[in-house]
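**Student:** Residue-level listing of the chains:
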Amino acid sequence: MNTVVEKSGPYTHGANSIQRTMFTVLAALVPATLFNLYLFGWPAIFLFAMTMAACVACEAACVRIGGGSPANAIGNGSVLITGWLLALSLPPWAPWWVAVVASVFAVGIAKHAFGGLGQNLFNPAMVGRVVVLVSFPVQMTAFVPPKPLFSAGAPGFIEGLGVTFGRGVNLDGLSAASQLGFVKNELARGVPAHQSVEQLPGLGELMWGFHPGSMGETAVPLLLLGGLFLMWRKVITWHIPVGMLGTLLLLGTLFSAIDPGRHAGGLFHLISGASVLGAFFIATDYVTSPVSNGGRLAFGIGCGLLTWIIRTYAGYPEGFAFAILLMNAMAPLLDRAFRPRMFGRTLKGEPLPLGKFK
Amino acid sequence: MKLFPIMGGIHPEHRKDLTSEKAIVAMPMPATLFLPLQQHIGEPAAPTVEAGYLVKKGELLARSDGAISAPIHAPTSGRIRAIAEITAPHPSGLPMPTIILESDGKDEWTDLPPPIDDPFAAPPQSIRDRVAECGIVGMGGATFPSAVKLGLGTQRKLEVLLLNGAECEPYLTCDDRLMREYADEVIDGARIMAHALGAPRVIVAIETNKPQAIEAMAKAAAATDNVTIAKVPARYPMGGERQLTQAVTGLETPARKLTADMGVVVHNVATARAVHDAVRLGRPLISRIVTVSGGAVPNPGNIEVPLGVKVSELLAFCGGADGAARFVSGGPMMGQPLPSLDVPVVKGSSGILALTRAETRESEPQPCIRCGSCIAACPCGLVPMQMAAFIRAEKMAEAVRIGVQDCVSCGSCTYVCPSHIPLVQYFRYAKGRLATQDRERRKNEQTKALVEARNARLERLAMARRDAAARARAPQPETAQEAGRIAP
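Sequence order for the protein chains is A and B. For the working numbering, count along the first sequence from 1 and bump the result up by 36. For the working numbering, count along the second sequence from 1 and bump the result up by 20.
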């Protein structure tokens, strides 16, 4: 009897799979997302569903064009993460077409035009966000204060449909700037940062998300919990989150100590905007970040540095998406620069000096 | 004992409980044995028998042929049917010259060489000679002739014999059982080996997932003054020579060096028992303990198998292997796939596994998602996903630059890959390609050298001919003289 030998060993395999990895990430996002959907009510729920649906549809179309199996592609969960993160990065009351445009650019251009899963240079969700942020600045900066589901003044189901799919609501009376935007605007008006920060709700309240912003800019403790869960499950390592949040904290603390009128503090930077979501869930995207731990640490530091620079000196109040995309472009270089040391060799690849057993 | 961390590594599902509590049982002698002339690294053995010869158990069938080679002995008494080409237990499925021995059922021993009464007083060379004479090879699966490896101390000062009882491969429990049931023999064999090496100390390294083996070995070691037990963490590939050396001594073997250069020599526990048998009893290596396991085997266990038993017969002894998706010789991580079940058990067969589809978890490869798991798992500090990408594009020079030749094919990267990419297969392919390129380059150089030599020779010939012709044309002294003599 002859048996088939067409494949080299090993003839056993760990239980890990792409699907398992991706669904672990989704599970880690669930608590924060549920809290956010509650916080921003029906329009947020509709926008979230719309973004997910648009991304999945786009994935199916692209995979079909490429001759693959749409069911398999969607089943591995990677597009669900893209859609999910994209939805979290949009203002919760944004109209449906913003979600669709962002999804098409995220999945169709950033991911599939580059060759699909594993081939994209840039983080798809961030490409989607940046395209709509640059194209539709009005819609993308119209933030509303949270109106928790079923609370007084919160839009009902039908009203919510109108916000997302109708002709939109006049947000003039409702809209407000996000905290980072507020501090930046106040600074432009000549109000020093340490004073404008005083006018915002306390750090504790900010942390929970009772302030205007994108969905993913709230519920910091729950996002942190999800991030720690991912580390515990060994889906991500500490290098990117620590590199990024550490840099933000350090720069914020340092510069606000030097010039409190010009710079917000380190803790404020950590819990504002998408710092935590980005550090644990977006910058850690496997495909678009470096593969070695050294590279990851450098990548995280770069993300933190660029975020702080853009927040502080550039026109946009929140620079996280730009920082990620710029660092994505650096990832191949970081891969080259930070290779692990080979066994028995120095970092340069020369054989180690010979030791002696004593 | 102070231990040191190793690079990378994984915790595969060990599945050792299938056989770890099964005591070693001897397999009844089958009617026919098949003994390939090459069961070791190096030159094949040269037969000393012919078809029709009657041999006794333990008699020499083929002698060592070359500096790195090992002899082969009769596992039982009987008649040589033939020396024929039989499928070898190698993934290629190619045939190899094999001695076919028909058992006479008597299992009669030949006259064995006398025991070496006090091996510690005997010159080390006599121990090495006995080990060579008895056909002992590295029994962890590497099958390097042990006598050669016991000679590493002749040119270096060795400090320690590191006895490898890690057994980090999943499923395998043959070393575990051996240490539990033959602890005294193993310790004695190890001390004899240390004497042959000129190493004053022995450290036995055993993974902590084998507490009974640790206990038994510690008890056996207590009677000696130079053997200690190191409880190393269970982490694949702890049993790799360099990994084990690092875990126990903290020394990282430099590239292109041997552990022996640092004063450490690693031998397997089963080899130590074989050395004990050879030195104390004069017995050659004619059987080994094999773990027969896997979900498709109804009665898995640890079997003392005469060398040369066909795998199909061994599996039948264990109740068959219906529904197996893969047959592997050795462990599932680094073992070799079996091209057929009609191949014999050889000196390096530590395990015969019949694995079901549920156990192998084979799956279609997906695109790499750059998760970096392979990098974290690599015990050699390599970047497997990048090497595979280069190899896929046939960029062998790039793959070499980032270390494909440093890969030990342990399979850790492939085991953890969520995309089921057959990384090791890429690396084996690359190493094969590089070896071929190397051979071709050397062949070309040789051809070039030969051609140049031929051209030079022709040139010399032509020059000689030209000279001769020139001399023929020129007036030659003798001729002139003759002419002169005639002329006057």
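Please note that a few of the clues may not be correct.
With a straight-line Cα cutoff of 20 Å, these simulated SDA-like cross-link-like pairs (lysine to any residue) come out [to be verified]: (1) K415/B - Q155/A; (2) K394/A - G218/B; (3) K415/B - L369/A; (4) K394/A - P220/B; (5) K43/A - G343/B; (6) K384/A - E272/B; (7) K392/A - G171/B; (8) K392/A - K415/B.
Simulated from the structure, these hints should not be mistaken for lab results.
**Student:** Indicate, hint by hint, whether the structure satisfies it.
**Tutor:** Outcome of the hint check:
Proximity of K415/B to Q155/A is assessed by CA-CA distance (about 19 Å); at most 20 Å being required, the pair is judged to hold. This hinted pair checks out: K394/A and G218/B have alpha carbons roughly 15 Å apart, not beyond 20 Å. The straight-line distance between the Cα atoms of K415/B and L369/A is roughly 19 Å, inside the 20 Å bound, and the hint therefore holds. As the CA atoms of K394/A and P220/B are separated by approximately 11 Å, the hinted pair is consistent with the 20 Å bound.
Restraint check for K43/A and G343/B: the C-alpha separation of about 19 Å stays at or below 20 Å, so the hint holds. Restraint check for K384/A and E272/B: satisfied, since their Cα atoms lie roughly 16 Å apart, inside the 20 Å limit. The suggested pairing of K392/A with G171/B holds, with an alpha-carbon distance near 19 Å, which does not exceed 20 Å. Between the alpha carbons of K392/A and K415/B the distance comes to roughly 38 Å, so the proposed pair goes past 20 Å and is violated.
Violation of the numbered hints given earlier is confined to hint 8; every other hint is satisfied by the structure.
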